[in-house]
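S.K.: Based on the sequences and whatever the hints tell you, model everything.
Chains as they are written, first to last, in the working numbering: chain A, 1 to 114; chain B, 1 to 111.
Hints were generated in silico from the structure; no laboratory data involved.
These numbers were taken from a predicted model, which means no experiment stands behind them.
Heads up, the beta-carbon is just placed ideally off N, CA and C, and yes, glycines get one too.
Take these hints with a grain of salt, some might be off.
[As the list claims (entries may be wrong)] Simulated restraints, written as ranges between beta carbons of each label pair:
#1 E5(B) <-> A82(A): 27 to 35 angstroms
#2 K68(B) <-> T7(A): 36 to 44 angstroms
#3 K70(A) <-> R61(B): 34 to 42 angstroms
#4 A70(B) <-> S80(A): 27 to 35 angstroms
#5 Q14(B) <-> K14(A): 41 to 49 angstroms
#6 A29(B) <-> E30(A): 19 to 27 angstroms
#7 M19(A) <-> T69(B): 45 to 53 angstroms
#8 K58(B) <-> G3(A): 23 to 31 angstroms
#9 E5(B) <-> K71(A): 31 to 39 angstroms
#10 E56(B) <-> T20(A): 42 to 50 angstroms
#11 S12(B) <-> M41(A): 15 to 23 angstroms
#12 R61(B) <-> L96(A): 22 to 30 angstroms
[As the list claims (entries may be wrong)] Computed footprint of chain A on chain B; a stretch qualifies when at least three of its residues, placed anywhere within it, have a C-beta under 8 angstroms from a C-beta of chain A:
#13 45-51
#14 101-107
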Amino acid sequence: NAGVTQTPKFRVLKTGQSMTLLCAQDMNHEYMYWYRQDPGMGLRLIHYSVGEGTTAKGEVPDGYNVSRLKKQNFLLGLESAAPSQTSVYFCASSILGDDTGELFFGEGSRLTVL
Amino acid sequence: GENVEQHPSTLSVQEGDSAVIKCTYSDSASNYFPWYKQELGKRPQLIIDIRSNVGEKKDQRIAVTLNKTAKHFSLHITETQPEDSAVYFCAASDGNNRLAFGKGNQVVVIP
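M.R.: Set out below in structure tokens:
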């Protein structure tokens, strides 16, 4: 039981390049989330999904897109990376909504945009 | 939306002493308040949570207290140990069933 797995763990991009972060969970959780973590800013929600085929915007969605084609996977895409998107990205999943139960986080993906 | 603030931003304690971190929230409809611990370079992990129908909850050396009237909740760590050194995030559910995180407190336990 691997829990929540993120790939890749590290990536360096040039401004304007695109990339996709993959999150996979093997706990059969309905809810999945993408957060970004910046120094002194805590965890900020980018997008989330309440089930297969659904997505919704969080607090800081601009510049990102997501897809949840399969229940176990939640993809985060950057179409045209900007230096402001340099951050550590965490995926999380939960059985219930994040306002009622535990969030299980992945190990994080460190993205640097030059 | 919900606004969660944590104080102090950094807390240093001697090993064996107690540590208290306080969070305030703005939405009176909030009803779920978890605390997450993040060790350096690791993922955040839930350590304790409390719901609005309870005033206090304990789990070994950690406890959380909730004051709904004043809209604040606190994390208490007793008999601190070096492994308690981490960043602690509080969070509160907002009126739209979303979780809002505070910016985190750095706790340093000095051996």
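S.K.: Each of the hints needs a verdict: does it hold here or not?
M.R.: Status of the hints after comparison with the structure:
1. Take E5(B) and A82(A): their Cβ atoms lie about 29 angstroms apart, and the range 27 to 35 angstroms holds.
2. For K68(B) and T7(A), the Cβ-Cβ distance of about 42 angstroms falls inside the hinted range of 36 to 44 angstroms, so the restraint holds.
3. At about 40 angstroms, the CB distance of K70(A) to R61(B) agrees with the hint of 34 to 42 angstroms.
4. For the pair A70(B) and S80(A), the beta carbons lie near 46 angstroms from each other, so the given range of 27 to 35 angstroms is not met.
5. Checked against the hint of 41 to 49 angstroms, the C-beta distance between Q14(B) and K14(A) comes to roughly 47 angstroms, which is consistent with it.
6. The supplied range of 19 to 27 angstroms is met by A29(B) and E30(A), whose beta-carbon atoms lie about 23 angstroms from each other.
7. For M19(A) paired with T69(B), a C-beta distance near 48 angstroms keeps the hint of 45 to 53 angstroms intact.
8. About 27 angstroms separates the C-beta atoms of K58(B) and G3(A), a value consistent with the hinted range of 23 to 31 angstroms.
9. Between E5(B) and K71(A) the beta carbons are some 36 angstroms apart, a value that agrees with the proposed interval 31 to 39 angstroms.
10. Between E56(B) and T20(A) the beta carbon distance is about 44 angstroms. The supplied range of 42 to 50 angstroms therefore holds.
11. Here the CB-CB span from S12(B) to M41(A) is close to 22 angstroms, well matched to the stated 15 to 23 angstroms.
12. R61(B) and L96(A) have their C-beta atoms about 27 angstroms apart, which keeps the hinted 22 to 30 angstroms range intact.
13. Coverage of a stretch by a chain is defined here by at least three residues with a beta carbon nearer than 8 angstroms to that chain's beta carbons; for the stretch 45-51 of chain B and chain A the count is 3, and the condition holds.
14. Counting residues of the stretch 101-107 of chain B whose beta-carbon sits less than 8 angstroms from any beta-carbon of chain A gives 4, enough to reach three: the coverage restraint holds.
Hint 4 from the list above is the single one not met by this structure.
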